[in-house]
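Peer 1: Following the hints, position chains U, H and F against chain P.
There are 4 protein chains.
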Amino acid sequence: MSGTSFLSDMLQGITERGRALFFAGPRARDAAAELDISTLCDMLLSSRGEASGMAIAAEILDRWSRLDAGEAADFLKMLARGFGADPARLERAIDRYRTEKSPASVIALHEAAEPRRQELLRRLNLAPNGTERLVRMREQLLAIKAGDADLGAVDLDFAHLFGSWFNRGFLTLQPIDWSTPAHILEKIIRYEAVHEIAGWDELRRRLQPSDRRCFAFFHPRLKDEPLVFVEVALTRGVPAAIADLLDEGRAPIAADQATTAVFYSISNCQDGLRGISFGNFLIKQVVEDLRRDLPGLKTFVTLSPVPGFAGWLSSARRSEAGLGLGEADMALLERLGDPAWAGDATLAGALEPVLLSLAARYFLVERTATGRPLDPVARFHLGNGARLERLNFLGDRSPKALAQAHGLMVNYLYKLEDIEANHEALAQRGEVTAAPAVTALLGREKDMRRSLPAMPARAARAAN
Amino acid sequence: MSGTSFLSDMLQGITERGRALFFAGPRARDAAAELDISTLCDMLLSSRGEASGMAIAAEILDRWSRLDAGEAADFLKMLARGFGADPARLERAIDRYRTEKSPASVIALHEAAEPRRQELLRRLNLAPNGTERLVRMREQLLAIKAGDADLGAVDLDFAHLFGSWFNRGFLTLQPIDWSTPAHILEKIIRYEAVHEIAGWDELRRRLQPSDRRCFAFFHPRLKDEPLVFVEVALTRGVPAAIADLLDEGRAPIAADQATTAVFYSISNCQDGLRGISFGNFLIKQVVEDLRRDLPGLKTFVTLSPVPGFAGWLSSARRSEAGLGLGEADMALLERLGDPAWAGDATLAGALEPVLLSLAARYFLVERTATGRPLDPVARFHLGNGARLERLNFLGDRSPKALAQAHGLMVNYLYKLEDIEANHEALAQRGEVTAAPAVTALLGREKDMRRSLPAMPARAARAAN
Amino acid sequence: MSGTSFLSDMLQGITERGRALFFAGPRARDAAAELDISTLCDMLLSSRGEASGMAIAAEILDRWSRLDAGEAADFLKMLARGFGADPARLERAIDRYRTEKSPASVIALHEAAEPRRQELLRRLNLAPNGTERLVRMREQLLAIKAGDADLGAVDLDFAHLFGSWFNRGFLTLQPIDWSTPAHILEKIIRYEAVHEIAGWDELRRRLQPSDRRCFAFFHPRLKDEPLVFVEVALTRGVPAAIADLLDEGRAPIAADQATTAVFYSISNCQDGLRGISFGNFLIKQVVEDLRRDLPGLKTFVTLSPVPGFAGWLSSARRSEAGLGLGEADMALLERLGDPAWAGDATLAGALEPVLLSLAARYFLVERTATGRPLDPVARFHLGNGARLERLNFLGDRSPKALAQAHGLMVNYLYKLEDIEANHEALAQRGEVTAAPAVTALLGREKDMRRSLPAMPARAARAAN
Amino acid sequence: MSGTSFLSDMLQGITERGRALFFAGPRARDAAAELDISTLCDMLLSSRGEASGMAIAAEILDRWSRLDAGEAADFLKMLARGFGADPARLERAIDRYRTEKSPASVIALHEAAEPRRQELLRRLNLAPNGTERLVRMREQLLAIKAGDADLGAVDLDFAHLFGSWFNRGFLTLQPIDWSTPAHILEKIIRYEAVHEIAGWDELRRRLQPSDRRCFAFFHPRLKDEPLVFVEVALTRGVPAAIADLLDEGRAPIAADQATTAVFYSISNCQDGLRGISFGNFLIKQVVEDLRRDLPGLKTFVTLSPVPGFAGWLSSARRSEAGLGLGEADMALLERLGDPAWAGDATLAGALEPVLLSLAARYFLVERTATGRPLDPVARFHLGNGARLERLNFLGDRSPKALAQAHGLMVNYLYKLEDIEANHEALAQRGEVTAAPAVTALLGREKDMRRSLPAMPARAARAAN
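Residue numbers (this note's numbering), protein chains in the order written: chain P, 2 to 465; chain U, 2 to 465; chain H, 2 to 465; chain F, 2 to 465.
For the record, the hints were derived by calculation from the structure and aren't laboratory data. Don't take every hint at face value.
Claimed, not checked - Label-pair distances were calculated between CB atoms; the ranges are:
{"#": "1", "chain 1": "F", "residue 1": "Arg67", "chain 2": "H", "residue 2": "Ser316", "range": "54 to 64 Å"}
{"#": "2", "chain 1": "P", "residue 1": "Asp37", "chain 2": "U", "residue 2": "Pro296", "range": "35 to 45 Å"}
{"#": "3", "chain 1": "H", "residue 1": "Asp225", "chain 2": "F", "residue 2": "Ile38", "range": "41 to 51 Å"}
{"#": "4", "chain 1": "U", "residue 1": "Thr100", "chain 2": "P", "residue 2": "Leu68", "range": "33 to 43 Å"}
{"#": "5", "chain 1": "U", "residue 1": "Thr100", "chain 2": "P", "residue 2": "Leu295", "range": "56 to 66 Å"}
{"#": "6", "chain 1": "H", "residue 1": "Glu72", "chain 2": "F", "residue 2": "Ile190", "range": "50 to 60 Å"}
Note that the Cβ used here is the ideal one computed from N, Cα and C, for glycine as well.
Looking at chain P on its own, in the form it has when it is part of the complex:
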């Protein structure tokens, strides 16, 4: 990553000079101090000299970095309201286009309709650490944009530009292991979002054994900052419980003895890049790399949480329509209120078939208003073309997992040959591809409910 570092130094050098040119002398400084940040943004948009442009950009971002929360929100609103397309220019462009339907008039219209802040963001991006700061700026934006159409438009501009700047062609995949620099590793600890890493000793247990792997995507302009990473366990079968994978006392196996690669944690690191999808590409690339290095690997599968399951179940139980369950089952579900249920083998045994058939319904039948799976993790993996392979009752007994998913974990299977077809089935026909054993769980549910699912799973259709 020294290239990036070198580049940063270089940009720093140029900008400090530019800044000196721009605000030369004490009077100039005073003058600059009187300019407000929106005036500086206007100046940046109209500047033509490279060095002065970079100086203004750096000044804007420096000021921005010192804003408190309220001021930062005001700054974003200023972008929203003051740096949209120029209405008068847009009107003229429309008029011209209606008069003369030439390529030139379309281009002029396209340019006139572009919010001015897009060019503003492009120029801010050239300042030292500009990309990183704009990612932070969007973090702030995401936190406050809800329900504000103007801020929503600003976010579209960010998303459009980030989609271009974080284009997959620029991402580099790096293995993360125990020989990775410590300042990267501490970010892995910090950013792990699925199964917390308690400290350096646990980190080492996830990276150093012969049957563990980790990979991250990096971007040349976000120095030493992973964008997304995945933790992988190499095993001899598809695991059903996270505790087995993370067991401190387990005996590692040799990598070339493994038949299965388990993606057990995928974490996005940069909130400001939300919606700019890398995870999809990351998994496919890691599958390719692992397959090449370890030809013994035949199965690529996740062990994933189901963060939306308990919430859905709770809503569904309280809903008018109800779950269509019998009284006995509903009574059993009441017992979930006390987390101690998981330790009561008899009770857990009774709950297992009920919860599993409800989970099958949650994945295979229920949909959002726009026809997508309810579970966010399911949306990610199924949208990538994975298959819902297995439901694991009490796969995770941690308090968090019991609260979010009544302990449920699932495996999604990545079979490269089927990915495209699975993806298309979901995208075009709304069908979730699932293993027959998962689909079969619906049967019991159907019996209970006597109502057919509106959107059957693919395997279910095939099986019926």
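Peer 2: Below, chains U, H and F alone, put in the same frame as chain P:
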């Protein structure tokens, strides 16, 4: 550059798989063979799966690379005519905007006005070697676009996208020296555009001595391809003739003895990136780097050709208005027709004042219709904020230089503190900044012509 | 360090093949199993084929690595008794030399007198990880050699060969910082021998701040194993107490604001390399590097423990000759028995002059039987040519330091211009170079004892 | 190789300081100028300070580098005569040993018998570029040592030390290709010793095609200097003629289509390292690496010159014993005097069986006085355990090859499984392993000579 190489391998891997998915089986192949390239482009624009998208993109570029010149032109015309904005959608967007002036309606209008080929090019860019191939595609476009408004619009799209992809933030500056890999060095030989490099021995003379430097910009997605490079001589004074710099027999000086860095050759390497400016940034960066490494360097100056001078002089002599010279001078200028004049000391001595004052006028007074300097090299350096420092009579006695510039060479001075002001003076007021000695040459010219220059040079104004 | 890793893989590959050649088939294995390790050593010495030699070497080291402590001692004794010079051959060589005093007969004598185990160790060294394993082997040897002349001779062979293999020309200096790979950093934690590093957070505090540096020597054949490292604090003055340097709450200064580099911890990492001196070279190299990178650094100094002081003082108090102190002072010294003294300001104030003058005597006057300073750390730094700069009363209040040195720390000053002269003064005349303030402390001591030191310090001599 | 470069800088830095210490001030310089080089050598041997030792070593090597040929020879003779073992000390050590046969007395004897120049060379080696300069020094020694027993003893010391310093464990194998730095590549051009490389274009033809490889060994202290390199062609069969391999017009094949790797040129680069064998190890390592990267490779073979064949044949024809050929054959051999014979198909056809059977005898039957193959290239490959696979009549029609070997080339086969056995057969029983087809050529020769070879080839024995 191994990162890039790794990335290429990766992209290759994924695309071959995607291609397999897409054209699986012999029948699929036959089917694909029947699809024409414009159908494939439509498919690419409508594809949603990542792997199949990359497969189609790779297929399009593979087909394109096998097109002959006529077919390639047809392909570009197809992009021009078939992949502009959708008129019906654009009309609807205009109507909506006129009804409801919301951020959403502006965005919709902006998107509707974007030529569809922009997204097409973005998707082609993700194919293996996509960026490189699109650069080659634009080379073809530049060769045929003249006078065709539709192709001109296509070129605007290329330029817009390249401006974003070749954003300075992605460029890396690399020193080029005798320890640089041979496959890069052979490109330096090939791309040198100013003073030809006759072979490896001459290359070594330009790279290896202690008083020589060379730097190039590279881009992560154009593997091992320099974008632009500059050759530098470290000297003890501002040189007046290229032969002195390139003399095989000269004794190199120690780098830390040098006071002056001379940029004597700047070559753009990629025709397809014409108009995407890097040279400006390159020079400033090299000045910064050299200054840091060699604190003894005080002066940064070019030794540059004047490729437009002889052409302008010839036109001006033949023009109605004439040059306003006396008969004796005009007779002297007749002698330029025989290149042997340069070897005739008496004749050369007589021509020197005439040519130099004409050159001063060429640089300081004459302008293009849009108010810019006539000479293309002058436009580059003066536009960067350099100062016209000295005119060197018979600075280059090569046939090419005698033909293009009657042997004239000039020095442009890069003084970082003044660059911004010089740039602004030219950009906003059309003033060329020149050393007093250059401006003074106008005096004689003025006396001869008895007419004041319309756009005086800055130094001239100061001097008067 | 990938070169080393590649090399290891390569050696591994060749040896496994060689081993296959050597012990091909089940019968061969049985046969090999019956060979004892000393037979294998004989075979290795007589083998001429490269691959089979490496196979035997690997087999010997594999067997050796599985020996228990007693067996390992037997192995070393076998080397001592069975692999010395061949007496018969040596007699013949002596006879020949006495007959014919030619270069050839001297060479033959030299070869005949070389213990056969030297060549044996050279050949073992070529096995995969051979160097590392031989370092471990010498660790075992050092643990048991005391008083055994035969084992002492084996150790001389190890020391001779290690001196050649760990020749300074092969060592590479690497900065250790927070971007160093974690598997190296955990060794820094483990090997720190002076001021314990409690964990990763403390490690970061020693590496990451702008005013901290760390450097280590590595060797190409000891993969990822530091040989010796030094921790450096950049400060604005010479520190008197370790707690100030390691204070968690201190505010770091900018590196270019520092005037002083403090070497506050130097740790040898490999017990098996005891006596193969790197630390000397390490410090001088680090001084050179820091001086180049941070021209503001003017003073290079240690903050060092005095591990032998309390032991010497205790012996001296109990010795017949005594310390020549008055009763009051002797009574004060009794108080040192309770470590709480350090917290009693009055008592500490009374002890300070007594302890400091005794310390001056410990450093400047007392000597080992061979005329060297008593303190091992002093022997190292003074032997390197450093000057004893200052005695710091209660510089380290940790229990370990109170026990070993009654809390005393000292600064040794490295002034490159004087190093050679200081070194020679000690080596040739037994004189310790010390700052006048240290020498002056002797004065009080002299008054008390009324006896002149036998070997005066240099500065003292100059002062008198 | 930056590590080495860094190291050089470091050593340079220290030595310049040391030199300053040593020869401080103008008077010191004058004094030093009066010391002769042998006094400096004595000083180096007795110096104890590190910096002053390095300064003296650097001074000695600087002086040495300015010596003319005669003075350099005197310097070597001084090492021979003035820096052997000290006879008095050696006598005392012998006496002590005869009195007391302890480990200590053997060690003392061993040390006393070591020529003092060994330690001198070790200390010179620590000077900047010391290793490189000592390699050059031995080059000079090899040129003059013939017949001088004292210089022969000096060479033994060089060989002993170089054997240790250039220990295989320190060598790194680097692929050489078209992306290798130019300053390394120009050394490949310069050092190629078998089939001359005419310039950069030919070099590219040997490195860049998909079916070409080149590998070199480097050493960390000989910066950017290859020690030995091998050029490899990847083919679909065992080639019989060098012209086919080097044909400019040939169509390269894909590397993964190749079945055979042909080592067609192996060049030692450093004359001063003569006798320090790397080539053996190089070939085996390259076989391993190629086999891993290109599993399609099944055959590893050389295409080698036979530099001693014509010389031997000429001697044998003139010898008393004669070749035992008939008159017709002897007359045919006369025709070899005119190199045009190779172009005369009829004549060549008649010569082929005669030359091939003589060649079989040259390889399989004839031996040096010490029982080794006559041909130096054969000694190398057969000594490595290769098998003589095929004799190629007119494999090389170049004037050099016609003069040295009547155009003969041979293939040596490297089969890793047999290498050890082949090597032992030659080393212990003097048997050359050859393919049956080669051995069969002896049959005709035997018929002609009616005398059995004294040392039959292995394959021949098996076949009979």
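Peer 1: Name the hints, by number, that the structure is in violation of.
Peer 2: Violated hints: none at all, because every hint is consistent with the structure.
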